[in-house]
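Chains as they are written, first to last, in my numbering: chain A, 1 to 204; chain B, 1 to 204; chain C, 1 to 222; chain D, 1 to 222.
Hints may contain errors.
Partial selection, computed: residues in chain C whose CB lies under 7 Å from chain D [what the hints assert, rightly or not]: (1) Asn2; (2) Gly12; (3) Gly65; (4) Pro107; (5) His143; (6) Gly156; (7) Ala158; (8) Ile193; (9) Asp199; (10) Gly203.
These aren't lab readings, by the way, just hints derived from the structure by calculation. Just so it is clear, CB atoms sit at the ideal spot from N, CA and C, and this is done for glycine as well.
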Amino acid sequence: MSGNDHPSLSDVELRVRSLESLLVEKGLVDPAVLDVLIDTYETKVGPRNGARVVARAWTDPEYRERLLVDAGAAIASLGYRGRQGEDMRVLENTERIHNMVVCTLCSCYPWPVLGLPPVWYKSAPYRARAVRDPRGVLADFGVELPVETEVRVWDSTSELRYLVLPRRPPGTEGMCEEALASLVTRDSMIGAGLARAPEPGSPA
Amino acid sequence: MSGNDHPSLSDVELRVRSLESLLVEKGLVDPAVLDVLIDTYETKVGPRNGARVVARAWTDPEYRERLLVDAGAAIASLGYRGRQGEDMRVLENTERIHNMVVCTLCSCYPWPVLGLPPVWYKSAPYRARAVRDPRGVLADFGVELPVETEVRVWDSTSELRYLVLPRRPPGTEGMCEEALASLVTRDSMIGAGLARAPEPGSPA
Amino acid sequence: MNGGHDLGGMHGFGPVAAEPDEPVFHHEWERRAFAITLACGLLGRWNLDMARHARERIPPPRYLGASYYEIWFEALLTLLVEQGLLSADELETGRSAEASAGELRVPGPDAVRAILERGGSTRADEAPARFLVGERVRVRNRHPLGHTRAPRYVRGRAGTIEGRHGTYVFPDAHAHGGGPRPQPLYSVRFDGIELWGKDGDPGSAVYVDLWEGYLEPAPEQR
Amino acid sequence: MNGGHDLGGMHGFGPVAAEPDEPVFHHEWERRAFAITLACGLLGRWNLDMARHARERIPPPRYLGASYYEIWFEALLTLLVEQGLLSADELETGRSAEASAGELRVPGPDAVRAILERGGSTRADEAPARFLVGERVRVRNRHPLGHTRAPRYVRGRAGTIEGRHGTYVFPDAHAHGGGPRPQPLYSVRFDGIELWGKDGDPGSAVYVDLWEGYLEPAPEQR
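Please build the complete structure, drawing on both the sequences and the hints.
If you want it as structure tokens, here you go:
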């Protein structure tokens, strides 16, 4: 699968537009519903949600414990739930174990905590290679792990959705939850990246 | 892989022409050699060769025996040899066993006896399906074999080249070698078809 | 099915190219394709497994040559026609042949908000499980023409049951009108070397969610 | 490599469409692409295994979307540039930077006629063979990034040695400048059910030519 540049783009554009009109004309689709769907996943639901879950887990040992044991309930307690996140598991990265999530067969992704997946996550290069050469993929993201660290790749073949709990970066002692959340990148919650180190001299 | 209709056809055409000029200009390719290559495989070498081998085997039991034991020498004795047919095996179809040849990885094919392969032989549908569902492929060719007949598919993964010796059709007793050769189709020598039945009342 | 979608372990696609500050949608048509796909899904005429199978059935050259929302869009057309919501003629002309959605309940914005937040788990009542955590299993070597969630790269390979997820709707049946037929679902761990031989990473493992029907006890070897 | 070329066992490509009275070439450019590919091959700068690998390296979306002579042509460009016979600049401009073929021996029409008729066998002197006819073997589960002639669909599967072909140049080495490294080559029979499980045809078998290095003794199972 290619990226988002495609020679027949304008053709697709026309066909999508024409289908939408037809569906509305037939009463199969309510235009107001389309607005709700787009607004929800373009502006309301995104990786900020997951970042708040992670930051809470970093700062609250009891919450972290609940998150690892019953991810769905712990995540819902922060207000995140719903479609494509009905059955959640959280995978904790440690010094010894690095978890990374892929969907080799399609594009399964935990929407309530991460929003819609980026193009690379749905693309053939990632789906083909993550399960065979995870360290090579991490290198594409500029991440190099010690050889002693075991890399565990989770192929999302069922309706369970996986969220990676990245390692808390050093030098973040005493930082507040909100500041910590700003260090949690989307990629770190897929396991294709690490959480950001704080800027030197940034507020705690 | 698609067939031979392709949107960027004229583009390919220009690129091929431009490369040929460049190769000739650089002295890497002799235009007279291109003529030899095209003439050889477009007009001289083709499935008529294989058909003569088959017809000989049908009429001469001693030749058939040699063909099955040392295909290369038996085929060369009729004057067919060379590139992409250096190491030959002949597979005899019987009432109990039907052989069919494919090259799942590329397009290996016995040039000296069959010429260049048809598009379908090189195409994804045949290469993908022949090894998994040979009877389904035969059905695409209008061939239905008794369930008792074992289908043996030969995947040409090495430099050995396979020629199928199809069954001699009934009603051909006493026909001469040349008339028999006209019944031997290319597809029957790949194992994707059967030899033709003689026209009613055709000369022996 | 062994379609163009079953990509695990393939070579030759090049490096993973992440786009910095990637927007949620790159084009207006992607936004629309996404929304109408979800909206039509809410009509209840197909489930997610059927939708996935419609995507998988796109011939491999087209699947691999298309962007992901193009795949969604192609599959949506397939589903709309197969389920009788649009006729081939309507698609061709872009004009509606009949004006109403008929018997269908088309949810409005508030209903949709509620549905998105509620989701719809495919978890079912617990069923007795055949395999125990820690047990060695092997993935059956199956190549069904229909939908399946056992990727090719694990078929025939041996792994260890690392966890039980519970009992879930079985996609191979659910995608083909066979009903939910729930089965126990396991997390199975495969070592990199078991999956890829000497070409694997000995310091890696792949965890795959596999339904009980995909598995058999691993043969003991002498 | 597990490229777009390794098609055995894939679904979704549709029926086999044979063309009645198909011509040898469909377009003049195919005729030319075929001839220049063979002619350049006769320069002796690459072997057939290298040529195959150049085709396999075409990214799967392009490989599967191209016609076969387009694949040949793309691979020819790759080989010409990699072997230093053409510069990227020459390809770009279509103009020769230096006029001569240098040290290369470019065969003329008579030499080529003789080469075509003689061919060039890759058979080598007999080497001792590890496996006996009738022995059960299993194809090693390898996924090399380089060239190999063990298709994915037989890896990890068990079969029976049905015949010995002799000793032949080993493609996995030969495609990568590793020299001929000849190995015994076997005809291995795989039952349809072994390859495809319940989805196979019990009345079919696949015979695959496999080099000794691809094989290991089949494990005995209790």
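So which of those numbered hints doesn't the model satisfy? Of the numbered hints, 4, 7, 8, 10 do not hold.
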